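Take these sequences, add in the hints, and give me the full structure.
4 protein chains.
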Amino acid sequence: SKFEYVKLYESDDRLLPRTYIVIRVDGRGFHQFSKKYDFEKPNDLNALNCMNKAAEGVMRNVQDVFLAYGQSDEYSFVFLKDTNLFERRASKLMSTVVSTFTANYIYAWSQLFPNNPLDGNFLPTFDSRAVMYPDVQSLKDYFSWRQADCHINNLYNTTFWTLVQKGQLTPHDAQTKLIGTLSADKNEILFTDFGINYNNEPEMFKKGSILRWEKLDHKYPKNPTKRQLDKYRKSVRDAKINILHCDIIKDEQFWNDVLAEEDTAATTTPTS
Amino acid sequence: SKFEYVKLYESDDRLLPRTYIVIRVDGRGFHQFSKKYDFEKPNDLNALNCMNKAAEGVMRNVQDVFLAYGQSDEYSFVFLKDTNLFERRASKLMSTVVSTFTANYIYAWSQLFPNNPLDGNFLPTFDSRAVMYPDVQSLKDYFSWRQADCHINNLYNTTFWTLVQKGQLTPHDAQTKLIGTLSADKNEILFTDFGINYNNEPEMFKKGSILRWEKLDHKYPKNPTKRQLDKYRKSVRDAKINILHCDIIKDEQFWNDVLAEEDTAATTTPTS
Amino acid sequence: SKFEYVKLYESDDRLLPRTYIVIRVDGRGFHQFSKKYDFEKPNDLNALNCMNKAAEGVMRNVQDVFLAYGQSDEYSFVFLKDTNLFERRASKLMSTVVSTFTANYIYAWSQLFPNNPLDGNFLPTFDSRAVMYPDVQSLKDYFSWRQADCHINNLYNTTFWTLVQKGQLTPHDAQTKLIGTLSADKNEILFTDFGINYNNEPEMFKKGSILRWEKLDHKYPKNPTKRQLDKYRKSVRDAKINILHCDIIKDEQFWNDVLAEEDTAATTTPTS
Amino acid sequence: SKFEYVKLYESDDRLLPRTYIVIRVDGRGFHQFSKKYDFEKPNDLNALNCMNKAAEGVMRNVQDVFLAYGQSDEYSFVFLKDTNLFERRASKLMSTVVSTFTANYIYAWSQLFPNNPLDGNFLPTFDSRAVMYPDVQSLKDYFSWRQADCHINNLYNTTFWTLVQKGQLTPHDAQTKLIGTLSADKNEILFTDFGINYNNEPEMFKKGSILRWEKLDHKYPKNPTKRQLDKYRKSVRDAKINILHCDIIKDEQFWNDVLAEEDTAATTTPTS
Ligand SMILES: Nc1nc2c(ncn2[C@H]2C[C@H](O)[C@@H](COP(=O)(O)OP(=O)(O)OP(=O)(O)O)O2)c(=O)[nH]1
Ligand SMILES: Nc1nc2c(ncn2[C@H]2C[C@H](O)[C@@H](COP(=O)(O)OP(=O)(O)OP(=O)(O)O)O2)c(=O)[nH]1
Ligand SMILES: Nc1nc2c(ncn2[C@H]2C[C@H](O)[C@@H](COP(=O)(O)OP(=O)(O)OP(=O)(O)O)O2)c(=O)[nH]1
Ligand SMILES: Nc1nc2c(ncn2[C@H]2C[C@H](O)[C@@H](COP(=O)(O)OP(=O)(O)OP(=O)(O)O)O2)c(=O)[nH]1
Ligand SMILES: O=P(O)(O)OP(=O)(O)OP(=O)(O)O
Ligand SMILES: O=P(O)(O)OP(=O)(O)OP(=O)(O)O
Ligand SMILES: O=P(O)(O)OP(=O)(O)OP(=O)(O)O
Ligand SMILES: O=P(O)(O)OP(=O)(O)OP(=O)(O)O
Ligand SMILES: [Mg+2]
Ligand SMILES: [Mg+2]
Ligand SMILES: [Mg+2]
Ligand SMILES: [Mg+2]
Ligand SMILES: [Mg+2]
Ligand SMILES: [Mg+2]
Ligand SMILES: [Mg+2]
Ligand SMILES: [Mg+2]
Ligand SMILES: [Mg+2]
Ligand SMILES: [Mg+2]
Ligand SMILES: [Mg+2]
Ligand SMILES: [Mg+2]
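Residue numbers (the numbering used here), protein chains in the order written: chain A, 979 to 1250; chain B, 979 to 1250; chain C, 979 to 1250; chain D, 979 to 1250.
No lab work stands behind these hints: they were computed from the structure. Computed from a predicted structure; not experimentally measured. Mixed in with the good hints there might be a few duds.
Note that identical chains are pooled: a pair holds if it fits in a single copy or bridges any two copies.
In silico lysine to aspartate or glutamate, EDC-like type, Cα no more than 20 Å apart, as pairs [what the hints assert, rightly or not]: (1) LYS1200 x GLU1018; (2) LYS985 x ASP1060; (3) LYS1218 x GLU1034; (4) LYS1118 x GLU982; (5) LYS985 x ASP1119; (6) LYS980 x ASP1127; (7) LYS1014 x ASP1208; (8) LYS1144 x ASP990; (9) LYS1197 x ASP990; (10) LYS1184 x GLU982.
So, in structure tokens, the structure goes:
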């Protein structure tokens, strides 16, 4: 039609080749959301599992994601350095990831919270963004940033809610007590006043969750026939995803493994 | 932490002020999706209503959308020219809209398709994009483009499926028969061979759906107190949204009304 | 060659259609430059004429510029709203304008400053940027912004240098005296202490310079033959450019004329 | 002033950190320009030297350029991977480079072509663009791309103009003769028919020109005092720039040296 010229107003948002593309999704207003659905404080196991399930859904349904990391109401996904998914268009990548995440979160919710059904006026939603990291160092530092954030918030929240729930402090008093305290101080409060050894807290709460393919070998075929596509889909559905809660800030071996794998995938993959 | 520098790798994607921002969402692989869930051909009333419900969810939960238009597996949303939502950041706008749309689609599905529950391995997802239109003419032409697309596809699909379903043609033969035909020819086939007057087909199928606030007067308050926010939320929840299936290509009055309203909202709204 | 893939790392930077594209150039380190070449303070007539000549060079050698405004060490150029020069690529537009400006500045310098030749270690250079303005209001406000800037700086500089040159104040004392003064105060100082009526200062110093085609009718031909191109070039070379020093903040008539002209050019021009 | 809001229409165009930024400038319409000023064909020694002088001007006047490569009417400049010049703003970088290049080209012209002065209606101008290369491999491949381009064009042009100038062929016949020929064929024509060994042609014509600091040790001081700045300027003015015409496609040692140097500069430089 004569109106088609308006398509030209769309801008070309392809991301730079050979950089790691990270898509981060983050829950919108989860402060409210966690109240509305009575999440346990500071960590609700079911809610975190629901995030992990949603992330698994992204890994299985959006090709070329080789690593994911989640904590609190957020999840980050990294694509193979050489992915050509959607020709690396930023909008396509970030919208597909966040839509897939949202869909799987809601689906997982119905399984994990059978007695706490979602209110249609208060549904979980997420924003997303795409960021490029040009080298391994900045990529590692990105994940270290998110894991350090997890640690800092979790130590704070654990101490805060212990003071409130076990120490009978008002939220206001707990907050005041924690102003200016360092990590060591918070560990001390937990240990001395409440007999809690922070080190023994669940790893998932302290470190967040890392999702990794058991084997990153189910590559998307180039110009697949219907049969190849079905086979690919089946292989992805059956492939195992491991959930880890390890330290990614200091663990050299972890990164060596992950990146060696990425490298192999990158050089052998005919990404479409 | 010392890793925070990686935040600087995020780019600033604020859209140009005083342009109309359009976010279009489109179902991913709905060709397959409509088969999987047995949509009626060429139009499934429930499926279209599900789209409309999802779009209503966006209008109620993402502020400053003043008009939306949907057809097939897509929906377009326009923001007030002067919106300052998310400081006009493209990623935030497009991801929030598509996530909200997805969540509401799945929720509406459970209401509209009680006997056709979603398979967790085959969930509905959408992509999205943000496009700027700098003036009223290009904005109108954008909507005309989408509505013309609706018309062309629907006339084709209606004729094609009539040939197949009522005319007993194979899909291949139906396709062959339609090659090179103009609109008039398709109208003729429908009328002469099957007694179908295309003009009498449902308006929603022919024109798509337009969503408009009955009154665009529930503006988001500036720096709202909790009370103001609750009041605002309630007013939005109660506000009426009209669904129209009118012609937006030729209807001057429609645009006069819509844009006069937009103008008023724009000048009176303290958009946050 | 097998290295050609690196061309794909270039990004597509086409600017939004139907917006006014403004390219602003600004002298790099002209504080130093004006000292090095002994510019008169606060305004050096020759230096300003040199800027105007350079701007004229841009108008004659870069097609589709319909208006320019300069003051101090800067010049702004606006393209026809519908220009398709370089497919509206931002890099091409801003680099071509600044390179043409620089070349013409240096050429004009050799004519205007025969006794003050340029030192090869200290050449005049400029930066540039491209900004889109989506409507007439923002475009007018852009020019008003630059002209208001001219006025404020010129009134300040005129008063400052009068205090130093005629009032024998040290620069430091002159600066101190002017802290906190309003426009009216500065007018007063000039008039009472030095008998200078600021209104009688040269218009070019007070208002800056506006460049406008006498007739905007030498449109670039579409896919020109060599003969058409030569004819076009000749017509541009012979066309007259008017230099005005009028008020563009309040003058409605000026804008009516300019924009009517732009409109005609836009609708009749087969921009390449 | 109340018009200052228009400044917000400028977009933030900072380039991704830790990537190599390449600025390429290219002569506008140098096909015409070389005719107008009677360049020797296919290579005019003076014209190429003028390009080299202009490039040297860029290296001395724009900080953090560590390598440049030129051929024909183009030059490419690479910045230190960690440069923070202009906060890495693309517009500032590309406009400053192209303006500095233009200024120095015109200045060098007056020295190199005393008998062929520039016509004010036909001045040399250049466009420019900024491209990011995220790793060493793509950076090397970029330079290989430009040098391969130099080789291919120069072998073609040398053969073509030999056929015309020494072989008395018309341009049309020379062109026809060369259609479909490979490199070996052109070498053969030159050698057999004209006794020209292409290998003995001047290195600058065959390989282009590489500019490198003799020592990359004159780093821009952080927040310099006037004295430090003067000292820095003097050190840059006195520093030596080497011109090489070596093979950069295969020469591993060249890149090892250049990049080792870059690395040192990057880690020790307090880039402003
Ligand atoms: N009680 C509880 N709250 C949680 C849990 N996980 C996340 N949250 C809450 C704590 C924070 O208030 C919120 C996440 O912080 P954000 O900075 O993302 O803020 P929020 O989502 O409210 O706003 P946003 O839309 O992201 O700007 O989610 C949980 O397991 N239990
Ligand atoms: N049977 C049926 N199909 C529908 C209905 N609405 C949409 N569809 C199907 C028809 C098209 O194959 C598809 C929409 O076309 P698209 O161009 O968006 O393609 P698709 O979503 O398959 O791929 P995409 O991921 O958007 O590139 O959705 C409906 O009401 N009934
Ligand atoms: N004496 C004298 N100075 C002038 C004249 N025109 C411009 N200038 C000087 C005054 C200012 O110091 C300078 C322009 O100010 P800018 O804000 O553009 O600063 P400058 O160019 O030094 O730095 P920049 O590289 O633009 O950030 O040029 C003139 O006619 N006479
Ligand atoms: N005779 C002669 N011509 C040269 C020499 N160096 C460059 N040229 C000419 C040959 C080409 O026609 C032209 C460079 O080709 P380009 O692809 O850059 O085209 P041109 O600058 O004409 O157009 P453009 O504005 O860059 O699109 O410059 C030289 O040393 N001698
Ligand atoms: O949302 P925050 O406060 O955790 O920080 P951010 O996500 O970087 O901020 P924004 O969502 O505004 O980009
Ligand atoms: O998806 P299509 O084919 O309807 O057309 P498009 O949406 O403009 O294409 P893309 O999704 O690739 O931008
Ligand atoms: O250069 P200034 O200070 O007049 O202001 P600006 O040009 O807007 O700043 P920048 O050159 O850094 O964009
Ligand atoms: O100018 P060309 O033809 O050598 O090729 P290019 O420079 O890549 O093309 P453009 O200048 O249009 O970007
Ligand atoms: Mg956030
Ligand atoms: Mg959140
Ligand atoms: Mg969060
Ligand atoms: Mg699409
Ligand atoms: Mg679709
Ligand atoms: Mg569609
Ligand atoms: Mg500036
Ligand atoms: Mg300046
Ligand atoms: Mg200035
Ligand atoms: Mg070019
Ligand atoms: Mg050229
Ligand atoms: Mg060239």
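Hint-by-hint comparison with the structure:
1. LYS1200 x GLU1018: neither (46 Å within a copy, 32 Å between copies)
2. LYS985 x ASP1060: So LYS985 and ASP1060 pass the 20 Å test across copies only (16 Å; inside, 28 Å).
3. LYS1218 x GLU1034: Answer is within; shortest intra-copy Cα gap is 10 Å, inter-copy 38 Å.
4. LYS1118 x GLU982: For LYS1118 and GLU982, the Cα distance is within 20 Å only across copies (12 Å; inside one copy 44 Å).
5. LYS985 x ASP1119: between (39 Å within a copy, 10 Å between copies)
6. LYS980 x ASP1127: For LYS980 and ASP1127, the Cα distance is within 20 Å only across copies (11 Å; inside one copy 52 Å).
7. LYS1014 x ASP1208: between (41 Å within a copy, 14 Å between copies)
8. LYS1144 x ASP990: neither (55 Å within a copy, 44 Å between copies)
9. LYS1197 x ASP990: Answer is neither; intra-copy 27 Å and inter-copy 30 Å both fail.
10. LYS1184 x GLU982: Between copies only: 19 Å across, 53 Å inside.
The earlier numbered hints that this structure contradicts are 1, 8, 9.
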